[in-house]
Amino acid sequence: MNTGTRSTTPLIRLSGITRSYGRGAAEFQALKGIDLDVDEGEFVAVMGPSGSGKSTAMNILGCLDSPTAGSYEFQGVHVERMTRDQRALLRRHFLGFVFQGFNLLSRTTALENVELPLIYRGEPAASRHAAARAALKQVGLDGWEDHTPNELSGGQQQRVAIARAIVTGPKVLLADEPTGNLDTHNSQEIMELIAGLNRERGITVLMVTHEPDMAVYAKRVVRFVDGRVDSDHRQEVSA
Amino acid sequence: MLWNTLLLAMRAIRRNLMRSFLTILGVVIGVAAVITMVTLGNGATRSVADQIASMGSNLLMVRPGQRFGPGSDEAAKFKAADVEAIRNQITGAAAVAPVANSSATVVYQARNWSTMVTGSSNDYFSAAGWELVAGRGFTDAEERAGKAVCVIGSTVRDNLFGAQNPVGAEIRISQFACEVIGLLKSKGQSAMGSDQDDTVVMPLRTVQRRLSGSQDINMLMVSASSTDAVDAIKAQLEKLLRERRKIGENEDDNFRVMDTRQLAETLTGTTRILTMLLGAVAAVSLLVGGIGIMNIMLVSVTERTREIGIRLAIGALEREVLLQFLIEAVVLSSLGGVIGIILAAAASIALSGIMNIGYLFDPTINLLSFLFSAAIGVVFGYFPARRAAQLDPIEALRHE
Ligand SMILES: Nc1ncnc2c1ncn2[C@@H]1O[C@H](COP(=O)(O)OP(=O)(O)O)[C@@H](O)[C@H]1O
Ligand SMILES: [Mg+2]
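Listed in order, the protein sequences are those of chains A and B.
Heads up: the first sequence begins at 1 in this note's numbering, then just goes up one per residue.
Heads up: the second sequence begins at 240 in this note's numbering, then just goes up one per residue.
Please note that a few of the clues may not be correct.
With the C-beta cut set under 10 Å, the calculated list includes, among others, these residues of chain A facing chain B [claimed, not checked]:
{"#": "1", "residue": "59"}
{"#": "2", "residue": "62"}
{"#": "3", "residue": "65"}
{"#": "4", "residue": "66"}
{"#": "5", "residue": "85"}
{"#": "6", "residue": "91"}
{"#": "7", "residue": "103"}
{"#": "8", "residue": "112"}
{"#": "9", "residue": "120"}
{"#": "10", "residue": "123"}
These are calculated hints, taken from the structure and not from any lab test.
Every residue, glycine too, gets a C-beta built ideally from N, C-alpha and C.
Please put together the full structure from these sequences, using the hints given.
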């Protein structure tokens, strides 16, 4: 893709991103030079075989991990030159992350889990509670506020995680196999939920998925093979 | 930020009640043990010091022989002339009392009691710190003539007279009848644990003639007019007695002058060593408590590393995460410390009551053991968390 002639800066621009694990002879390159532009409002499905570097790329996009080389611009700002704290603030204000394994705080109620990012944003208690309740309602967990993760099903836990990711009103939602641990029925519902966030609130979504069934919700599919982008095409959303 | 972090710390404590409880317990046990031991030890030291003070202040005791205490060696006893010489030649002495002891059985009507009879002068009461609750002391005439009059201690009164007023009564001591003219105020146990009130005091002459049958004086008590005078009097006494006992330049003293301060130092020194020993044993339990805290904290690091990863992924700053863990550790350790201090106070008061020693609050040991336990909590709560918070979020999240 020729990015040089674009007039507007994309929301996200990866250029020549590499990520190596290990050192010396044991060195292994999980990403071998990724170029990718994502515009605001897009819904991108990231597909590809296991071990092709999808998660590695998502973690770098989510500022949870740093690339070995290459540049990552977020709204035209170079993330790879940021300090740890600046990256934390970027996560806090612009990014929401949904993991395959939910990553909720155990022994902590759904409401408190969803409130957590708002506490770090210094939101006062009243508006924090209201926002968290609204987010839980949006993911269909009305009435489950006081339940802890071990009292919730997998699908419900992932909803809590999504509520936590969107409660701050992020620009980008990054989801790494959000339905990977769920059955078909729950998967469909989670996908509807994510597609709705993209459609109605204009949140940019990047989502890793194995299943073609899930990819049909996306407007664009990027295929990773062996640490590189193998194909990148737009599609009509069927739903 | 501080307020929010406090909120997060409180939530974390509530979430991990069992762990929080165990952490607190470790601190509580350690702090309570150390404070209780040291407080009891201090109380014992204080009691000993008080008992010595009850022997009379600024008191010097002169005994023949080098060894102190009963069963002294064969050095010559003192004579009445020694007492006269001291009275006339030593400046700064408020009272000089010769003491001759003899054990005897005292009888009143059908009751008898064996006790220690002390022969001395009126000065004995002021020098040894005795007060009279009833009756009077000796007159000069009684002392000179060696009259059969006596002042009795409260233990003797209890055993012979019960609650009855003994003054004016006639008791039998060995073979002779003796009028009770006074009753001493109770002093309780001595520093060595004997009952000071188990005593009968008579004029020196009476004891020498009727009980011991010799002119010997076992001990001299000299009380100084002020604390400052004690050392000077001691030096004068030593010089005078060396002359009178004809001790050559190179010979050692065959008598010993001991003052109450010295005695207090010797005895409280012993209890102080005991206190230190007890404190050391208790410190071990504080250490064990500390290791317990350390264990709990380290075991929880696995779970907490993932938690830290989640917090970082959500957008927490490293310092916010650290502050939260620091607050958590400080709150738990302080809570444990405070409970430990309260528990120690309760235990010390109860035990000092049972052991019959004074309760003495020691702010230093309270503060020290509190700070120590807090430091353990903080160090072991904080440093593992710091390591985790410095990881990339994804690494912390991957931690299993
Ligand atoms: N922390 C790591 N240490 C070493 N190798 C890793 C690590 N994480 C991922 N890899 C390797 O990088 C490659 C890409 O992994 P990943 O991005 O998780 O793939 P995907 O998500 O596409 O299945 C894999 O070969 C994996 O073994
Ligand atoms: Mg993956």
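What are the numbers of the hints that this structure violates, sorted from low to high? none
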